[in-house]
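Novice: Next come the chains, spelled out residue by residue.
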Amino acid sequence: MNSKENNHSHHDHEHDHAHSHLPSDPELRVKAIETLLLSKGLIDPNTLDELIDTYENNIGPQNGAKVVAKAWVDKDYKKRLLENATSAIRELSYQGRQGENMVVVENTPEIHNVVVCTLCSCYPWPVLGIPPTWYKSDEYRSRAVREPRKVLSEFGLNIDPKVQIKVWDSTAELRYLVLPMRPFGSENMNEAELAELVTRNSMIGTGLPENVK
Amino acid sequence: MSRLHDMGGRFGNGPIPLYKNENNKVEDNEPTFKYDWHAKAWAVTLAAGALGQWNLDISRHYRECLPPKDYMNFSYYEKWLAALTNLLVDKKLVSLDEIKKFVDLAKTNNLDPELIKNIKLDQRTWLAKDVQKTLGWGGPSLRSTKNEPIYKIGDNIITLKHNPNKDVKGGHTRLPTYAMGKIGKVYSYNGSHVLPDTNAHGNGETPTPLYTVEFKAMELWGASAENENDLVYLDLWQPYFTLNT
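Quick mapping for you: the protein sequence lines, in order, are chains A and B. Our numbering puts the first residue of the first sequence at 80, with every later residue one more than the last. Our numbering puts the first residue of the second sequence at 2, with every later residue one more than the last.
Worth double-checking, as some hints may not be accurate.
[What the hints assert, rightly or not] Here's a subset of chain B near chain A, in silico, CB distances under 7 Å, partners left out:
no., residue
1, D98
2, D113
3, I117
4, G139
5, I184
6, V187
7, L211
8, P240
9, L244
I should point out that these hints are in silico values taken from the structure, not numbers from a laboratory. Ideal Cβ positions, reconstructed from N, Cα and C, are used throughout, including at glycine.
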């Protein structure tokens, strides 16, 4: 941020990478760095606890499920969600880090959407939380754009060849959420009951909502 | 040419690492963090980032610049931790000697709790009381500028054949190799956003029009595309493509 680097990319040419001094056990690596930063007053231990607690308990796919369920029961909300997802999601108080600019893409009988980040692991944190391991894996990142149908079949999802697949590669700071189709037989369920049917994978496009029992 | 992180479309990777239950159904309830050290690596990285010595694009580029053998061997949070360590030293928040000292203490089980007792926090340190507020703001990349987009929805475009980053060799960019030199169509316009190609190198935010561009799977993958009707969408900044006339 402070220095102009024009001719080469920062530490490419340095031989002594700081990270090469870290121990092989990752647990020890974290412990060493964490303790060093704590000893210098550069991180507050309460901040670490607050962050972890927030994403373990308050921010996760249960938020996205409420957005989806509301869109299923409220036509006007669905319209707002598809037109301006960021503000519609903010109506439910979900906003901020890694979801500053949201886009919602709708599944229909003709179109199935699926989201990936081939370059890193971009994911809509305010509505889905921290991405699962498979989303961050080389396997998903490399294959989802080229062979989405084969990838989805590994999730147990076989898409009819007549249905068009749209893959959204999150290459910028827009974050994508899939609006899955409302399950058959859910006509008499209320918003809270519907939210229970919405799975994390159905909002990434690698799964469907639960069937009505 | 590109770096190892730029893996979209690459051949050779096996099945998606999924957990299945006894009914052969994919488990969809993975916990937020599988191990305590994952949670710690993640939280320490966020908290250190909040010191304001680097931006999101710089931290991404540091992960991409890990030596290829490390990038391939490290698990996800090991990459985060390695990049964080390099950033901490490069941005002079800690010295290499301090890293070595604390690594030795950790290896010999000598990280005494006294080391972190009654520590006065740095002025820049992210306080627990501010966490919710800061998360709620996030770090928007959208900027209001007078930049008018030069392309319109429906325009036929062709992406650059090479890395759009002209200032830095091997520099950061968000145009993946698989979408270089390909013909697509402007699908939507998303306003001007911070340009990672400059921001990742500390060379300014350079707000630039950002579009979503639609590509046919057949254009990207040729005969190996799975279905002639399938589409792939990427979010691309204006300098990443030109009109296809």
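Novice: Tell me, which hint numbers fail for this structure?
Specialist: 1, 2, 5, 6, 8 and 9
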